[in-house]
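*Asks:* So the sequences go chain by chain: A and B.
Each residue of the first sequence is one higher than the last, beginning at 1 in the working numbering.
Each residue of the second sequence is one higher than the last, beginning at 460 in the working numbering.
Hints listed in this document are in silico derivations from the structure and should not be mistaken for laboratory results.
One or more of the hints may lead you astray.
[Claimed, not checked] Not the full set, but computed from the structure, chain A residues with beta-carbon under 8 Å of chain B:
| id | residue |
| --- | --- |
| 1 | D214 |
| 2 | K215 |
| 3 | Y219 |
| 4 | A221 |
| 5 | T379 |
| 6 | V441 |
Glycine included, C-beta positions come from ideal geometry on N, C-alpha and C.
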Amino acid sequence: MLFHSWQFAAFGITVYLVYLLLCRTRFALHWLLAASLFFYGWVNPAFVLLLLYVVVVNFGAGLMIERSPRRKLWLAGAIVATLAPLGMYKYSAFATGSLNVVLARLGWRAAVKVPSLLLPAGLSFFTFGAVGYAIDCYRRTVKPERSIVRLATFIAFFPKLLAGPIERASHFLGQLSPRPKRPTGADLADGLSLFVVGLFKKVAIADYLSLYVDKVYSYPAGFDGLTLAAATFAFAWEIYFDFSGYTDMARGVARALGFDIALNFNNPYLATGLGDFWNRWHISLSSWFKDYFYIPLGGNRKGKLNTYRNMLVTMVVSGLWHGAAWTFVIWGFLHAIGRFITREMERTRFYRDRVPTLAKQFWVFGFVTFAWIFFRASTFSDALLIVKRIFSAGVADPRLPIAMLGLCLIIWGYQFWYESRARRVLEWAPVKVGATAYMMVHLILFAGGASQPFVYLQF
Amino acid sequence: MTPEESLHSSNSIRLSWREWGWAALAAVSALYLVPAILPAAGVRMSRPDYRLPTELSSDYWMFQRWARYSRGHHRAVVLGDSVVWGQYAASDGTLTHCLNSLLGAPVFANLGVDGLHPAAMAGMVRHYGGALHGLPVIVHLNPLWMMSDEQDLRKRGEARFNHPKLVAQFLDRPGPYHPSLGEAGEAVLERYVPFLRWREHIKIAYYGGMPLQEWSLDNPYTLLPDDGGPDALSSDDSGSPPVDWVQRGIRPQDAPWVAPADSYQWRCFTAVIDLLRSRGNRVFVLVGPFNTHALTEASRHRYRAVLAAMAEWLERERIPYYAPEALPSELYADASHPLAEGYRKLAEQLLESPSFLTWMGAWAPDLRAAKDTQEPSR
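Can you build the whole structure from these sequences, using the hints too?
*Replies:* Structure below.
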């Protein structure tokens, strides 16, 4: 069920109204959980069992980690048991496919059968949320939850279920205990504000950009370097608007119900370094990797070489989290290299003090955009072809619609303005009202085509 | 970052309820003002024998506009599908042209719309035909829509048909129509929000029926089409060659026909009549004339039974009607569309028909009198 669908409108309004009636009763959590399970089971009810499996595993593990002397063993068991379905659904085909390639290179004829499994939506997101909970219980930063309904509501909470943000138990469970607060009128107004901005990002911009990007990336061999560069530029904005639009809508729905869920994007294309970029892009995932993967690996504690090794491993695994393909591995690898470079550059006084912020922002944007080629290309050979053409092939009219380019530049300008001292102008009531009215009219004027699914739902 | 700070980060716009009220007011005002302020199309409507260009058949904003214009400039209208529109005739060869020509004045407006089967006509009249209230209306019934279960839209399953946005969206839907909740919701909203109709009009009339976003991929360096719009579309020529059905290679069909008692389209047609009468329209029904030459003997027999049942209902309801025998075979382009000469003959027959003359005399005694004075001079 997509946020920008009629089904969700009917579902959301029903959930909200019933929740208003129940939020002061002991059935509030039951209602939220039932709604979340219904939401998850909308496409394939069987996947609800998988969700419940993750809940049960982590509920039991949380209690055992608290009580048992073999805490580490219970944690390891919980992590393995939680990540096992992710491995099976998401990586088994990639692993067996890669194994077959290696076997073929070795002259081995017998091929391992590549499984064909449909990836349950949101699996990567809710399993990471659940693993985070188990680790927090182990670290004693979170008290193991005694109510399975409450823990299930945390893991399955529908606004964030399919594509995050990946919530922390320490942040969210408290909002459910002992009972959720009653949503106020201000919560609803804030939620609507977030939702409309997210809807605009998704429907008006991301879906529009995808028309051009899909056309070019579906057959890159048919296009020249400038067109491929233009499509890559368009994809950089498409994925930002698509995912941050989803997040805004998710946060809006949660806010309307009286909940706060994590900020996931903070003008990432204004970042001045790759480290800064990852503090602004998919914040809930990058902070998850930092806290539960990079730091346990050793973080930056054991010298430069180990720091960079840890960064490299973290970024490559983060790439693999996005998709089971070598293109994602390369994408993660490139980001690791980018982080090394910017980290070293930031240590020099010249870069810190003399290079204009705008130049740093453009370089980071350029690097991130280049890396998106590997993220978006269907195959590794397509990605290489695109890179080769961009840097060597001739120039032809890219036929990038001016309306598309204009929208990107306006939003980019808006973000620069938002982070400048003149931000107050954007917070002036007539500007906010005018912008919101414009977005509503734009949505009504241009909506009506087929809804595009969110890019990150495939992860 | 506190939750309160994070709420407003990353280009979110936070509005209070009061500001939401202003934003909603501004948006709603824009929705109503934009279609009213932007340059209106429809210059061609003042031309003699105007009919909606076929490209605008699904442009219900334009139909509404044409209905309003017709109310101010014509004394009566003719409603129907492409038979009324004149599929195989130039605009000066249609039924309305022939009637007007014989009457010596532009009395009738051609409100024929390509593919407007009775179920769609019911929606068209109900939602976009309000301007026609009180006007004399000739409603044409093309029996083609009852030839088979498929044409009648009785049959379940998937099938494409014309004007799905005009048919019932939730209750009493045509058999092959299974819209998603979103499609049905949008179709219903379009009926009540003029801006949405205007949006479709812009899309159809200026952007070749494509959403602007898709259109811009083919026309990347402009937002507005250089030419186009409803006034650039001509309806003078139908584009279909005026060749008779035998020359086209059409062979007689053994159509099964659906009895009116079982027919979905007939039920919708009677709903159109009821609606028009409830709006004070003086209704005259023209049935066919269907090309019975293009039917097998058995099918022709079944058709006559259908026709008799229709006539029985029309008589019972005291609705004036005319159900002529088929025109000569060579005057048909296919199973239901006459050629220009066929329209001329039909118009002549109609003006000879006592039921038509009585009906016309009730709202235009001057025309009736003029017609009567023409008779002796013949």
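*Asks:* Where does the structure disagree with the numbered hints, that is, which hint numbers, in rising order?
*Replies:* Checked against the structure, the hints that fail are numbers 1, 3, 4, 5, while the rest are satisfied.
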